[in-house]
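Protein chains in written order, with the working numbering: chain Z, 1 to 264; chain C, 265 to 652; chain D, 653 to 785.
No lab work stands behind these hints, which were simulated from the structure alone. Worth double-checking, as some hints may not be accurate.
[To be verified] Label pairs and their computed distance ranges (CB to CB):
id, chain 1, residue 1, chain 2, residue 2, range
1, C, Phe523, Z, Gly13, 49 to 57 Å
2, D, Leu714, C, Phe523, 52 to 60 Å
3, C, Lys275, Z, Leu9, 38 to 46 Å
4, C, Ile433, D, Leu714, 45 to 53 Å
5, C, Leu519, Z, His245, 39 to 47 Å
6, D, Thr745, Z, Leu17, 43 to 51 Å
7, D, Gly735, Z, Glu220, 56 to 64 Å
[What the hints assert, rightly or not] Listed next, the in silico DSS-like pairs over lysine-lysine satisfying Cα-Cα at most 30 Å (straight line):
id, chain 1, residue 1, chain 2, residue 2
8, D, Lys658, C, Lys271
9, Z, Lys208, D, Lys730
10, C, Lys275, C, Lys494
11, D, Lys755, D, Lys740
12, D, Lys658, Z, Lys208
13, D, Lys740, Z, Lys70
14, Z, Lys208, D, Lys712
[What the hints assert, rightly or not] Now the stretches of chain C that chain Z is said to cover, found in silico as 3 or more residues with beta-carbon under 8 Å:
id, stretch
15, 371-381
16, 387-396
17, 603-616
This structure is a prediction, so every number in the text was calculated from the model and none was measured. Quick reminder that beta carbons are idealized off the backbone N, C-alpha and C, glycines included.
The primary structure of each chain is shown beneath.
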Amino acid sequence: MGLNRRDFLRIAGLSALAGLGGKTAFEILAPGELEASEVPLPKGVKWGMLINMHKFDDALTKKCIEACHKYHNVPNIGNPKEEVKWIWTDSFHHTFPGQENEYQSEDIEEMPFLLLCNHCTNPPCVRVCPTKATFKREDGIVAMDMHRCIGCRYCMAACPYGSRSFNWGDPRLAPEALNPEFPQNPDYPTRSKGVVEKCNFCAERLAKGEQPACVEAAREENEEAMIFGDLGDPDSEIRKALREHYTIRRKPELGTGPNVFYVI
Amino acid sequence: MLEKAIKGEKKYWGWLAFLLVLIGIGLAAYLYQFFVGLKITGLSRDVSWGFYIAQLTYLVGVAAGGVMVVLPYYLHDYKAFGKITILGEFLAIAAVIMCMLFVFVDVGQPVRIMNVALHPTPNSILFWDFTVLSVYLLLNVVVGWNVLSAELKDIHYQKWVKFLIYVSIPWAFSIHTVTAFLYQGLPGRHYFLTAIMAARFLSSAFAAGPAILILLCLIVRKVSRFDPGKEAIRTLGGIVTYAFIINVFFFLLELFTAFYSQIPGHMHPIVFLFSGLHGVDTLVPWMWTAAGFTVVALILLVVPSTRRNLDTLAVGCGAVIIATWIDKGLGLIIGGFTPTPFETVTPYWPTLPEMAVSVGVYALGFFILTVLYKIAVGIKEEAAGLST
Amino acid sequence: MYDGGKIIIGIVIGLAILLFPFYTNIGKAAKAPEPELTAKAKEAGKCIEPKEFMTSGHMKMLDEWRDEVVRQADRYYKSDWTGEVYYKSLQVTCMECHSNKSKFCDKCHNYADVDPFCWDCHIAPEESDNGPQ
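Turn these sequences into a full structure, and let the hints steer you where they fit.
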C-alpha cells in the first residue's frame, strides 16, 4: 500500500514539531537554571556583602569606586545619560526610597551610601533575560555573559535597583581627558558597545582566592567597613557581623532577596 | 497574485516612491546608529526603553486588532465581515513586521538577535513575545495568502486553512497579552505592575486596530472600485466604540487605585505624566491632548448619528488612534520608567536620528501594507467582475 | 535568434565582468601567510597544543573556553600534550607569548579575510614599531 506524499509530509512535520516542542517542554521544568547548575564551585558557598556605612566617608567610598572601575576598565563616560557605573554613591533618599522621614539625623542625610548590584537570591533580571546572558551561579553571583548579550535591556527594565549600565557607545571611545591610560587593567577586557554590564562581585578575583576589589580597598583603611563572605557559613565574619548589627537591604518587600546588607 | 501590485496608476507609484524616500532616510539613520551605538537616541541609563519599544507596543495592539473582524465572521458567521477579513489579516502582517523591526532597531547587538532562538529561555517573556509574534506573522501570511488565492480561483479554501484561522483567533489575544506581560511582571516599575495592564492593552488594541481598519476601508473605497461595505464599516465602528469605552474605564480604575490609596509609587508616574514631577513636564501637554481627543472620540462614537455617518466616524476613529497612540506610544513606556528606582526623574525625548529611524520603519510598514492591499483589492475587484 | 547581436554582446560583457577577478590574477599567487613568533614564543618551544591542532582548531577552542570560563567558572585547561595546566584566557595566556598580534594573528586572519570580533572587548597587547613589548 505505502504512504502517499501528503501523508508522509504530514507525519514528518508533526514529528519535527514534537521534537522541538519536547526540548522546550523540558526546559520549562527548570527555567534558566540548567546551565547555572553546572558550575563546579566550592560547594555551598553563598556570597554576600555587608557595608557598614558608619565607617565610610567620601574619601573611602571614592577609593572603593576607583578600585573597582580601574580593575574592570569601566570607562568614565562623563555624562549621567550614558554613564557606566558598577558601584557608586547616592543619598539615603535615593538608596532607600520610601524609608526616609523628615525627622531623621543629619548623619544619615549626609551618608554617602555605596550602591551596587545586590546579587539577589531571586533576581528579576535573570528571570527576564531572553538568552540567559545574565544568569545566577550556584555561589549566588548574578553573572553577565558579554558574549551572549544582545543588548535588549530587558534586565535593566526588570532591575528594581538601577544597578545595571548599558554601553550606549563604544567604551573605548569614551572621552580621553576623563580616561587617561584607558584601559588601566590589561589583564581584564573592556566591553563593546551594545551590551549591558554591572558589578560581578569580582568573580575572577574570587577564583584566585582574592577579595573583591572594592572590599580590598575598603579594608585597607578599616576592616569593619566592608565584609564579603559566605552567608551559608554561620561562623563566617559576615554572619557574625549580621548577628551583631541590625542591617537593612534595599527594597526587600519586592521579594528579590538582595545580598548586600547595610549597617546604618 | 503578486502581479496585481505592479500595475497601478500614478498616485499608487507616487505614494510608494514617497515611502521609499522615507525608508531611505530611516535606513541612513539606522546605519548611523548601528556604527555609533544607541547613544544617538535620547535613551539613558535611567530611561533605557523609549520610543522604539513604545512603537512596538502600540503596533502589537494594531496587529491583534485584526481579530475583531476575524472572530465575528468565522465564529459567529457575521457575513458582512466576509469581504474585509483579508484587509484585517494584511494589516496584521504589516503591523507585526513593523513590531519586529522596532525590536531589531532597539537592540544593542542586532547581529546576535538569533541568540533568542538559539538559547530558548521559557522563563523570559521576551522569548515568548518573539515566539508568538513570529507564529502570528506566519499564521496571517499563510491564511491570508490561501484565502485570497482561493477567492481568485473562485473556489473554497482548503480545510486546514480553517483550522489555522481558528488558531489565529486566540493567538491574536495572546500576542498582546504576552506583550503586556513584558511590563506587567517587573517588580520595580510601579506604573506597569498592575494586573489590569493586559486588559488595558487588549481594550486599547481592539479600539485602535479596528479604527485604523475603518480608515483603511474608507481609503480603499475612495481609491479603488472595491467597496468593503457600509454595514461592515458601521459594525466595526460599534466595536471600536465599546472597546474604547472599556479602555477609558480601565484607565479611570487605575486613577482610582493610585489616588485613593495615596501610595507614592502608584501616584508618581501618573502625576509625572499629567502634571510633571521634579520640574520635568515633557509629557504633560501630550497627555492632556490625548485626554481631549478621548473626549472628542467618545462623543463622536457614542452618539449614534455621528457614528453612523461615515465622515464623522472617520474623525472619531482618527481621534481614537491619536489618543491610543499617545497613551501607548508615549505615555506608557516613558511613564513606566519615571520616576527611576531612585525616585529621581530623568527626562527623555526621542532625538532626531531616533525619530528618523522610526519614520523609516513606519514607512516600510506602510509600504508593505500598500502592496498587500493593492493585491487584495485587485483580486476582489477581479472576483466581483469590476476590473476592466 | 531575434536580437542575436545584442544578446551575444551582452553575454560577452557579462562574462567579462563575472570572470574579472580570475583573469586579472592569472600568474599572481598570493603568498601563504607566515606568522612570526616572538622571542618568548620561540623560547617556549611549543604552544599548549601541537601547531597543527592550534592552526586549525584554535577558533573552536577559544569558543569553548569562553563559555566554560564565563558560564561554568571553569578557568583552567589541562593540556594532554604538554601535561601542564593553563589559565584559559586569550588576553592573558595566549597573548603572553604571542604578543605580536599584527605579525602573528593578523597575518593569517588578513589572508583568510576573517575579522574576529574578540578584540572589540579583549585587549590586544600594545606593539611598538620595533616589535612587541
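Hint check results:
1. Distance hint check for phenylalanine 523/C and glycine 13/Z: the Cβ-Cβ separation is about 54 Å, which falls inside the suggested range of 49 to 57 Å.
2. The hint said 52 to 60 Å for the Cβ distance between leucine 714/D and phenylalanine 523/C, and at roughly 58 Å that hint holds.
3. The hinted range of 38 to 46 Å is satisfied by lysine 275/C and leucine 9/Z, whose Cβ atoms lie roughly 44 Å apart.
4. The hinted window of 45 to 53 Å between isoleucine 433/C and leucine 714/D holds, with their beta carbons roughly 49 Å apart.
5. At about 43 Å, the beta-carbon gap between leucine 519/C and histidine 245/Z stays in the expected band of 39 to 47 Å.
6. Our hint of 43 to 51 Å for threonine 745/D and leucine 17/Z holds, since their Cβ atoms are close to 45 Å apart.
7. Between glycine 735/D and glutamate 220/Z, the C-beta spacing of about 39 Å breaks the proposed range 56 to 64 Å.
8. Taking the CA atoms of lysine 658/D and lysine 271/C, the gap is near 28 Å; set against the 30 Å cutoff, the hint holds.
9. Pair hint lysine 208/Z plus lysine 730/D holds up; C-alpha atoms about 17 Å apart against a cutoff of 30 Å.
10. Between lysine 275/C and lysine 494/C the CA atoms are separated by roughly 25 Å; this keeps the pair inside 30 Å, and the hint holds.
11. With a C-alpha separation of about 22 Å, the suggested pairing of lysine 755/D with lysine 740/D holds against the 30 Å cut-off.
12. Only pairs whose Cα atoms come within 30 Å are accepted, and lysine 658/D paired with lysine 208/Z is rejected, the gap being roughly 75 Å.
13. Note on lysine 740/D and lysine 70/Z: the hinted pairing holds, with a Cα-Cα distance of about 22 Å set against a maximum of 30 Å.
14. Taken as a hint, the lysine 208/Z and lysine 712/D pair is honoured in the structure, with Cα atoms around 26 Å apart against an allowance of 30 Å.
15. Given a C-beta distance limit of less than 8 Å, the hint that chain Z covers the stretch 371-381 of chain C holds, as 8 residues qualify and 3 suffice.
16. For the stretch 387-396 of chain C, the stated coverage by chain Z holds: 6 residues have a C-beta nearer than 8 Å to a C-beta of that chain, and at least 3 were required.
17. As drawn, the stretch 603-616 of chain C meets chain Z at 6 residues by the rule of a beta-carbon pair under 8 Å; at three or more, the given contact holds.
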